[in-house]
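Asks: For the protein sequence lines, the chains are A and G, in the order given. Heads up: the first sequence begins at 74 in the working numbering, then just goes up one per residue. Heads up: the second sequence begins at 6 in the working numbering, then just goes up one per residue.
Hints may be right or wrong, so weigh each one.
As the list claims (entries may be wrong) - Pairs of lysine-lysine, DSS-like flavour, derived with a Cα cap of 30 Å: (1) A/K122 <-> A/K268; (2) A/K111 <-> A/K299; (3) G/K168 <-> G/K262; (4) A/K299 <-> A/K135; (5) A/K135 <-> A/K122; (6) G/K120 <-> G/K30; (7) G/K401 <-> G/K262; (8) G/K552 <-> G/K350; (9) A/K268 <-> G/K168; (10) G/K168 <-> A/K261; (11) A/K261 <-> G/K552; (12) A/K261 <-> G/K401; (13) A/K116 <-> A/K78; (14) G/K561 <-> G/K442; (15) A/K336 <-> A/K78; (16) G/K262 <-> A/K254; (17) A/K254 <-> G/K490; (18) A/K116 <-> A/K303.
By construction, these hints were calculated from the structure, which means they are not laboratory data.
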Amino acid sequence: MRQSKVSITHYTMKTQDIEAYIGIGGYHGLRSALDMDKSAVVKEVQDSKLRGRGGAGFPTGKKWAGVPPSEETYVVCNADEGEPGTFKDRFIMENTPFLLLEGMTIAGYAVGAVKGFIYIRGEYPKIADTLKKALEAARSQNMLGNNILGTGFSFDIEIRRGGGSYVVGDETALLSSLMGKRGFPWMKPPYPTEKGLWDRPTVVNNVETLSYVPLILSHGAAAFSKIGAKGSTGPKLYSVSGHVKSPGVYEFPMGVRVKDLLKAAGGVQGQLKAVQIGGTAGPIYDAEALSMQLDYDSMQAAGGTLGSGAVVVMNSKTNMAGVLDVSMRFFAEESCGQCFPCRYGTRQLNYMAQRIAAGTGRQSYLSLMQDTGEVMRATSFCPFGQSVSTPLNSLLKHFGDEVKGFIQQQDYVKEVI
Amino acid sequence: MLNVNIDGKPIEVETGTTILEAADKAGIDIPTLCKHEDIAPLGTCGMCMVEIDGSPDYARACITQAQEGMQIRTHTRELRRIKRKLLQLVLAAHPDDCLQCIRHGECELQKLAEKFEIRDLEYEQYTRGLPIDSSAAGIVRDMNKCIGCGRCVEVCQNLQTVKAISFFGRGADTIVSPGAETNMGSGVCVNCGQCVVYCPVGALHEREQIDHVWGAIENPELHVAAQIAPAVRVALGEEFGMAPGELVIDKLYHALKMLGIDTVFDTNFSADLTIMEEGTEFLNRLAEGGPFPLITSCSPGWIKFGETYFPDLIENISSCKSPQQMMGSLIKTYFSETRGIPPEKIVSLSIMPCTAKKFEADRPEMNDSGFKDVDYVLTTRELARMIRQAGISFDKLEGTTSDSLLSAYSGAGTIFGATGGVMEAALRTAYELHTGKPLENINLKAVRGLEETKTASISIEGEELRVAVVHGLSNARELLSYVHKEQQAGRVPYHFIEIMACRGGCVGGGGQPIENSLYQRNLRGQGLYKEDAGLPLRKSHENPEVKALYEHYLEKPGGERSHHLLHTHYTRRNAYTL
Chain A
74 MRQSKVSITH YTMKTQDIEA YIGIGGYHGL RSALDMDKSA VVKEVQDSKL
124 RGRGGAGFPT GKKWAGVPPS EETYVVCNAD EGEPGTFKDR FIMENTPFLL
174 LEGMTIAGYA VGAVKGFIYI RGEYPKIADT LKKALEAARS QNMLGNNILG
224 TGFSFDIEIR RGGGSYVVGD ETALLSSLMG KRGFPWMKPP YPTEKGLWDR
274 PTVVNNVETL SYVPLILSHG AAAFSKIGAK GSTGPKLYSV SGHVKSPGVY
324 EFPMGVRVKD LLKAAGGVQG QLKAVQIGGT AGPIYDAEAL SMQLDYDSMQ
374 AAGGTLGSGA VVVMNSKTNM AGVLDVSMRF FAEESCGQCF PCRYGTRQLN
424 YMAQRIAAGT GRQSYLSLMQ DTGEVMRATS FCPFGQSVST PLNSLLKHFG
474 DEVKGFIQQQ DYVKEVI
Chain G
6 MLNVNIDGKP IEVETGTTIL EAADKAGIDI PTLCKHEDIA PLGTCGMCMV
56 EIDGSPDYAR ACITQAQEGM QIRTHTRELR RIKRKLLQLV LAAHPDDCLQ
106 CIRHGECELQ KLAEKFEIRD LEYEQYTRGL PIDSSAAGIV RDMNKCIGCG
156 RCVEVCQNLQ TVKAISFFGR GADTIVSPGA ETNMGSGVCV NCGQCVVYCP
206 VGALHEREQI DHVWGAIENP ELHVAAQIAP AVRVALGEEF GMAPGELVID
256 KLYHALKMLG IDTVFDTNFS ADLTIMEEGT EFLNRLAEGG PFPLITSCSP
306 GWIKFGETYF PDLIENISSC KSPQQMMGSL IKTYFSETRG IPPEKIVSLS
356 IMPCTAKKFE ADRPEMNDSG FKDVDYVLTT RELARMIRQA GISFDKLEGT
406 TSDSLLSAYS GAGTIFGATG GVMEAALRTA YELHTGKPLE NINLKAVRGL
456 EETKTASISI EGEELRVAVV HGLSNARELL SYVHKEQQAG RVPYHFIEIM
506 ACRGGCVGGG GQPIENSLYQ RNLRGQGLYK EDAGLPLRKS HENPEVKALY
556 EHYLEKPGGE RSHHLLHTHY TRRNAYTL
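Here chain G stands alone, though its shape is the one from the complex (with noise of 0.2 Å):
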């Protein structure tokens, strides 16, 4: 531990402790641009320096430890006036759109704006006249609103290690970019929207399809369904000044129905289902010895980095479908035929807490029942924004239910947006299903929370079962060149494996309601969970909607219709010839 003093206040903090933190501890708030708490400093905007006493040169606050007896200034009158300077400086490159800007009022540099009084500019404004990068599936760049922070870089070359972007050009002209002169939807992004959640400016944003869904709507021939994904109940709610984690799923049934879509199933459901296909493929393949491990497959942005830099552990990936496409191939097929509406007058709407999850959806083998399994996917800030052009005071509105048939689910297929959430829900269900016997204690803690690599072993009948739970394309990486080291040499590090894109799982998607670091990822984690607790039914097998799906429709799990419907094929990539 050490003391310094920060404007005056005394303050002990651990040694290590940056002046940024140790301000933070203090209560003051120095200004930051590049610098976000879940990523490494990056020491590039200037806005946090402060004085220190006997320092000839102001310190970045970020990148400077504080040292025992500093005396600490961070908002002297010359610091207020450099960081105005420095302010206009980047003001004077930034198009000043900010009315139509998708960031409008979330956006870091107009926050820093107001605060420092920037009322006009002393220095001539320029533009850059970069073209839009909208060739993705999820993400849109616009490079002339970048003020090259290069949390974006950070995040996707270190934190996901996908590697899609990084600095190209000097000075002035340096730009964010794909690699080898390709756009973004023709490189290795995954779709993961990481860059976007932590951009500070509207420079990188989700590709909407707000406008096509309203026309859907709108459309009196066509049938609206639409799914909502286990992590956006506990996320969408801060759209509207609600709280992370307060569980929204009834006033978000009652707000799709005003918005005007016919019906409403949750994915919840498909969660459900995704484990018993996917609990008997583990069960089959524990009958024949392998392959192991099993990797899941729920979630598109890990999908698209296996493929890529793990082409040879495809075999191990489940061969299900997300419960995104489950949910979609049964709107067009069971629900279709049990409502009698041809497939081509339904659109199948899902609502998702991912931008990977568009590009799932555009996947050309996701058609199996003959139409697209899902036509429009949104994401969690679209849905707000479609919300509140309806008008409708979410926070003040009425809960009410979905419609049946695909709706009902279990504690196990909500806990699918939490990191871990998979592993646990698959285990209840196999266990029970391997063994006739029930789980004795559902909670499997060992696999919750925000850890990088969570392991746990599971005895079941007497063969110890080991498992492993990652979130964050990094973690991933570094447990999947170990496991596939181990393969090499001949041996099965673990049998099941969860691997969730970002970290946190779901809830920390890149779909998400901005702000969403960590602290909002865990209290929507954790939102999922006390969920999860106060349900009747807490294991997927025990919901009676996939009972009845199975008893009418699909006869079994892994039957010759699910097979059809509810599983997929993978696609070796090359990162270097795209």
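Chain A extracted, bound-state conformation (with noise of 0.2 Å):
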């Protein structure tokens, strides 16, 4: 993907030198966008049918032309990069941290906004420093602060950092974070795009979202949609981790098939035996995944979610009675205990899954997992609580018997000894 010029890759540098990205054609899409009336580049970003990188999908044009005339309108940056396997935005973050910041000041000027905030992960404190850095290179050349390149338009944005949590990368409960409360989620409607930060209209977007928007503004709406799949546009970047020969971030464009991913990532360490695709949340699939195409639409149809892009590789080594204990782990530490059945019921799963990889599992708690796991996705409140049936459902699906082998040998093995 690197000969194509609509792409993020192209702007990423070994320098985080402003003019050497300029030297690169950075900051031409916001120049282009401060030529135009603020709804022609919402539209153009509508036409582009850039869809939210964050996991959600939603249209980016269709979320900023949702944002009503106010005094203050705030643009949120959702940098808290929390989920498993997903680096995505941490590599735009350390590579191209322009890119970044250019496509918040366009979503600032499309949307009426005079401050931003970029939220960045607790974990993340080296890119906040490059970030800082950014920021002031950018006040400097006059692309951010007051009076923008002469055109009036005014702009600035500050660096928040994250307390390390991963429900905070809810956009609702990542508002809550940035006001100082708890990170809770909160109760859509009302949207951020309505009432937000302060209760003011608030465009929350994901790193990658924005850092795809100059690119838009520079080449314009059609150069966007033409790559990618019908109803996910665009290019995308693909995080693969785990057993793969070289774990990186891949840049393909949308509906790019997971074999053909796997392959630009080296291949697989011996014997592939299942991918998690989407994050911790997203369905755990066996060697069936390899014919996969990764974008929206195709995952959804698959019964998946493509989520963040992040594509988890095991082989044949894995013990899938440890990967149960550990995606269990992780949503029990993770929860953010508001609400009872994530809180109680991520509490259960973990010491069920706990002991089962412990040796001490009891072949009832797999039924009683996936029940509980149901009850959560009926009940819970946010998105967290609601995704957990997803891994355990499939892990199960795909893998339910080597897991209840486990449980019996390990039986076996007790009364062995």
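Put the complex together from the two separate chains, hints included.
Replies: Written out as structure tokens, the structure is:
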């Protein structure tokens, strides 16, 4: 993909020098946007059919168009990249921070905001420093601050660091945290675009989403939307990790097949057993995953989700009882504790999975775990608790016999000893 | 208006109505653990999930608004199954010591477990092993029993704005706790106990003193003298199946005597006395031109709140002790001397609707006689327990009278228990003492009722006096922030302000019978106004025992002895350096 200029990887540099960034075409998008009417910028993004890269896949232009006029509107960049196996936002912020700043500034212009926040996860302290330096550089070039490029448009960005909570990756929980409150999600509506930060209209976009915006403005919506799959346009950054020879971030047009992505990542180490797609809350597939197409609609049709674009590969040496344990422990540790089903459900799931992995599990746990997952899906307050059943059920669907066998074998071992 | 259909029953509701409210209107009881009618919906428990036709997901009835044409089902087989599982998840984390629990029989979790027929648990039970915090004078917190519904946090943060407790930790380790690793005794908690009355389970309760009181009663060396607060007489009956607001004062006197209490006085008397002292203080300020506003000092929850969050207004707070402390002080002096019982042999006991009164009684300055004004404070709920322990069938009890000396009261004294009552009582007396003429209409309806902030103006000899009444500390915070701002600009928005920490006034105190919702509080308040209307004396200065007290002992309101025994001072507290 490096050959196409309509890609993030075109802008990744060894240096974080703003002049070098401008030299390879940086800030062309912002200049184009500032020459246009605000509404034309929104229309261009709508025409590109760009969809939110954080996981939900909501059309970005539609989100922007839904912002009511207000004296105080905010743009918030969700850089709380907490999804296990996901490191694409980090890749952008480390390698091309100005692309993000440029995208945010365009967003600010388009929705009539004067202020932006980058909410970055607490575990990325060095990147926060990188961004701070980039902000200074952008201000010194008049790409941020008062009267940007002499156009009369003023906009600035502030960095806020998270405290290490996964749930704060949810936009409403993130806004709670940004306002200094506990990171509890809130019920929508009202949507943040209507009532967000301090009850003002607020646009929340993911790092990757915002980073594609300058490309749309400098190359045009048509150039962007002709890349990718129907319904999921443009390129996408995929995080590939686990048992592949070259784990890393790979940029492909939307709709790339898993097997092609894995080939780009150097191929599987050993024999492929399972792939988890979309993050911890995504399904765990067997080798059938290889033929899947990685875009929003294809993944949904396959009963899964593209999520953040994380692809975690497991080879034949992986113990699926262990995977179950790790997955359930993640949910238990990261539940925010607000609603009953998630707070109590994750605790019980973690307990049972831990017992199974430790060899003290019972066969009856498996159906009770699935039942619990279903109750959580039906009654949890936010998508976090609702989604536990997805990895749980898919793991047991494909590897249930292995887990059952593991429980039985451990029982046998105990008897013999 | 819009039309919905719930469980096959068509019903018309106003736009903006939640499904929960609509169901209630249709006579359908949707189970909840976190939602309470007096508190904004929290959406935490998930017990109110309902099925809506055409929607792939279940919805929380408490936070989902009814929409035109909605077809809603509330108790399908699947919903019942899911909720049973959910309840099991909660119960697996809850200690099963129901028989020893202070809320046994009044626990919302227990009631739901019964309703859903939870007979065994599929889940492994676990306990959290958390320490019990009994460092506060009025409130004990046992977080092992906490189900995490968040009502107490909502009440403390938003309804009372005391901000003593909030959520900490994540997932199953989530806990409600005072901030900065303090405990309740050393934090900003004002002991109002509103968290206690809204807690659905036994995680929060009053610090019980029943054993100490039994000990004092059973000790032949000691003379126990009790007082009963105004709000108790219209609430205690509820503990014995009577209606909220039903006046049970005569039975109450009898019950206390049957328990073995030697002398029974009535806080209504010292409420009248408070009016004499506070009314005089007000008239003195009127003569001297301030400082205004004068703010009432009867509610100990408000006093600590004021000391903490509005220390600049301390000189505005009346120096009068509360009726409880005035009575306590007189029991150890006037009563002691009159009856010839040495104060060290007297145990001063008060029956209060309030958990903060326990804190007030323990304040170090409350011992002007050289002895503690009040030795023990029992809440209405604790007294009910003692009455049951003594085998007294309270509802069938004959009435009797209290003991003379510190018991006579006027209607003005009895309405102290409801929001606006102190203001109304004070104005009845202040007007008359100042003008020498009787107030034409003594029913000051403008300051009665549950409206959050009530204001009125009254003309005394051509001077327009502005008064305000607030109940609930968030309303107090709002009003005082305004007063403080006006004061700094050199203006006096009000001359006299009544503040009660709890919504509804003392009838809604943290020690009152559960259920203690605005519904009950309203009826209890009405009960007090009804008693007032039927009493021969309606004004504090007409109280014959108050007159006698001044004649034989105190000399005059605001006099030297009054100042020594009946007035107090306040402490500036800082919310952030505890």
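Asks: Starting from A/K261, check that the Cα of G/K401 is at most 30 Å away, please.
Replies: violated, 54 Å
Asks: Between G/K168 and G/K262, is the straight-line Cα distance small enough, at 30 Å or below?
Replies: This hinted pair is violated, its Cα atoms lying about 41 Å apart.
Asks: Please work out if G/K168 and A/K261 have their alpha carbons no farther apart than 30 Å.
Replies: Holds - the C-alpha atoms of A/K261 and G/K168 are around 26 Å apart, at most 30 Å.
Asks: Given the proposed pairing of G/K120 with G/K30, does the C-alpha separation stay at or below 30 Å?
Replies: holds, 21 Å
Asks: Starting from A/K254, check that the Cα of G/K490 is at most 30 Å away, please.
Replies: Roughly 27 Å separates the two Cα atoms, so the pair holds.
Asks: Does the structure keep A/K336 and A/K78 at a Cα separation of 30 Å or less?
Replies: Satisfied, since the Cα-Cα distance of roughly 23 Å is no more than 30 Å.
Asks: With the threshold set at 30 Å, check whether the alpha-carbon distance from A/K116 to A/K303 stays at or below it.
Replies: Cα-Cα ~19 Å, so holds.
Asks: Under the criterion that the straight-line Cα-Cα distance not exceed 30 Å, is the pair G/K262, A/K254 satisfied?
Replies: Judged against 30 Å, a Cα distance of about 53 Å means the pair is violated.
Asks: Hey, A/K122 versus A/K268, does the alpha-carbon distance stay inside 30 Å?
Replies: Judged against 30 Å, a Cα distance of about 25 Å means the pair holds.
Asks: Decide if the proposed pair is consistent with the structure: A/K116 and A/K78, CA atoms, cutoff 30 Å inclusive.
Replies: holds, 22 Å
Asks: Would you check the hint for G/K552 and G/K350, treating anything up to 30 Å between C-alpha atoms as holding?
Replies: Judged against 30 Å, a Cα distance of about 27 Å means the pair holds.
Asks: Are the Cα positions of A/K299 and A/K135 separated by 30 Å at most?
Replies: Since the Cα atoms of A/K299 and A/K135 sit roughly 19 Å apart, the hinted pair holds (cutoff 30 Å).
Comparing the model with each numbered hint stated earlier shows that hints 3, 11, 12 and 16 do not hold.
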